[in-house]
Every structure is written in structure tokens, then in C-alpha cells.
Amino acid sequence: MTVKKIAILSPGDMGHAVGQALSEHGFELLTCLAGRSDRTGALARDAGFRISETLNELMVEADLLLSILVPANAETVAQEIAQSLRETGESTLIADCNAISPIRSEYISHIIESAGGRYIDASIIGHPPGRGVPPRFYVSGQYADAMLDLDGKGIAVKALGGDIGRASGIKMCYAALTKGTSTLQVALLTVAESLGLSAELRAELAYSQKSVLENMESGIPRLPPNAHRWVGEMEEIATTFAAEGVTPHFHLGAASIYRLLEQTPYAAESPENIDPNRTLAQTITAAAAQLSGETVEDTDDELESNGGN
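First residue of the sequence shown: 1, per the numbering used here; consecutive thereafter.
Read the hints as simulated data drawn from the structure, not as lab findings. Positions of the beta carbon are idealized from the N, C-alpha and C atoms, including for glycine. Certain hints may be false.
[As the list claims (entries may be wrong)] Here are the computed distance ranges between Cβ atoms for each label pair:
(1) Ala243 / Leu148: 24 to 30 Å
(2) Gln79 / Gly152: 32 to 38 Å
(3) Gly48 / Gly116: 25 to 31 Å
(4) Lys5 / Glu214: 40 to 46 Å
(5) Asp163 / Glu24: 30 to 36 Å
(6) Glu61 / Glu204: 56 to 62 Å
[As the list claims (entries may be wrong)] Lysine-lysine pairs mimicking DSSO-like chemistry, simulated, CA-CA at most 30 Å apart:
(7) Lys158 / Lys4
(8) Lys4 / Lys153
(9) Lys153 / Lys5
(10) Lys5 / Lys158
With the hints as extra help, turn the sequences into a complete structure.
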């Protein structure tokens, strides 16, 4: 089967960019905006999606549906997709591309396949298309090869065999490092701020861990607007680790750090309007203030005073 029409739920930060890239390579992109935010609707229209009025209409038209959501919503939307499959009698290819554990992916595969759909375990590593190296879509399962029609068309598709859970598993291992490391950095910087040692720690990092400090300065200020999405991802990683006999506590702790960042004023931003001038110091001050209950002033603290960002 050749894939020509692709539906994406939901065309948010990653989803709309993936859709736009695929559209530029000749695919027709569809979505349904029922229950979605005004922001998502604007992103979908800007990216050239054709909007279906109902999920059933979408299911009838699409050859392939990509589920690209906040991990916490993956199962709920899978249930909605399954209901639509039953009502329409379609056997649409459904690729769950969310940051979920292999256990959850296996469970969702049963939801989809019991309703007549054809399930693909998938995961995304990398930034949205148009922001450097194309994202990698890892896929596995009986129908995974259908996704190869999309390879090299704004995204890279890498097949990992016929077993459900392999594609979701590689995402769990990768994000355990990347997003997990970011929370360790936030945690230690927040403790240093609470101890009144921010300037001293920054000086030591500038001396002995310069590249790490530079990465923290560029990356950590961008975390709060995304924190609400990554709490669930860390919990899925914890589940994955526990299932393999490895302690889940690293990433349960990581989830708590993202909850802390979600409480800061900067979490109200969207990925499109992140303040490019916000510093590492301001971000850590905001996190520390949530622990102490203080009001955050939008000024630099002593992390900045010893050289700035």
C-alpha cells in the first residue's frame, strides 16, 4: 500500500512541523481539531493541513494516522481512534509516535488492533523538521515498513523489526539521557541557589566544565514551557526501567523536577514565544523561588553576577 494521505493528531509543535515537511514532499496532510486548542488550530492552518470536521471523516480519508501528543494523552486518544475505527469499519494504519513505554505501546496496540486498525509502534528522536538535522522516526511492528514511504521526505525513518516495543524502547533509553540529564542539572543548580553558592559553583563550572556550563546556559532556559509535556515522559521512562529491573527512581525524580519547572512563571510561554533573552540564572531563580514560596523578580541573581550568561 502506498501512503498518500497522512493524518496527524495533533499538529502541535512537533506535529505541525512534521506535517509541513511531509506536505512539501507531496503528501496530503489532514487533521481534526475537535477538542484542540486555538494555538493548535493556528499551527495546523499555517502548515497547510486540510481540516476534517470529525474523527470519522479523518479515518475514512487517511491512509496513515500519526499520533503525536503529550504522552499522558496517548492512551485516551487511542481509545478515541479505536471508537472511530469501529464506527467507520476502516483498517487505517495507526502509528503511535508518542514518548511512551514499550508496555504502554503494547497495550495501545491491542486497543487499535481489536478495533480493526493496523498498529505501528513508533517514536521520534530529534527536533522538529526545519531545525537542523531531520528527526528520526523509529518504527517497529508488523506494519512498520509502511512508514518507509516517508523516509527522506523531511524526516528519517528507521525500521527496527517486527516486534512492538522496540521503537518506543529506544526513545525511552535516549530521552532518559537527554531530558533526564537536564533535570539533574536543574536540580543541582537549584540546590546551589538555595545554599547561596550559585556564583561559586558557576565559577568552578566555568573553569572545569566549560562546555557543560555553555550547554546549560543555552538549554535550561527553554525547559519551563515544555515541562508539562515531559513529566509524563519521565514517568514512562521510570516504568520502562522498572520493567527491566533497573531502579525507576532516577526518572521519578526527573518528573518531579519538571513539575517544579511547570510551576514557574515561564511555563506559561509556548514554544513559539519563549523569551530568547532569558538567562540560566533567571530560570534557576524561578525554580528556587517555587521551593521557598518567594515571588520571582525578572532579574538576574548571583549566578549572573560572576560573569553573566
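Self-check item: Broken hints, by number
Solution: none
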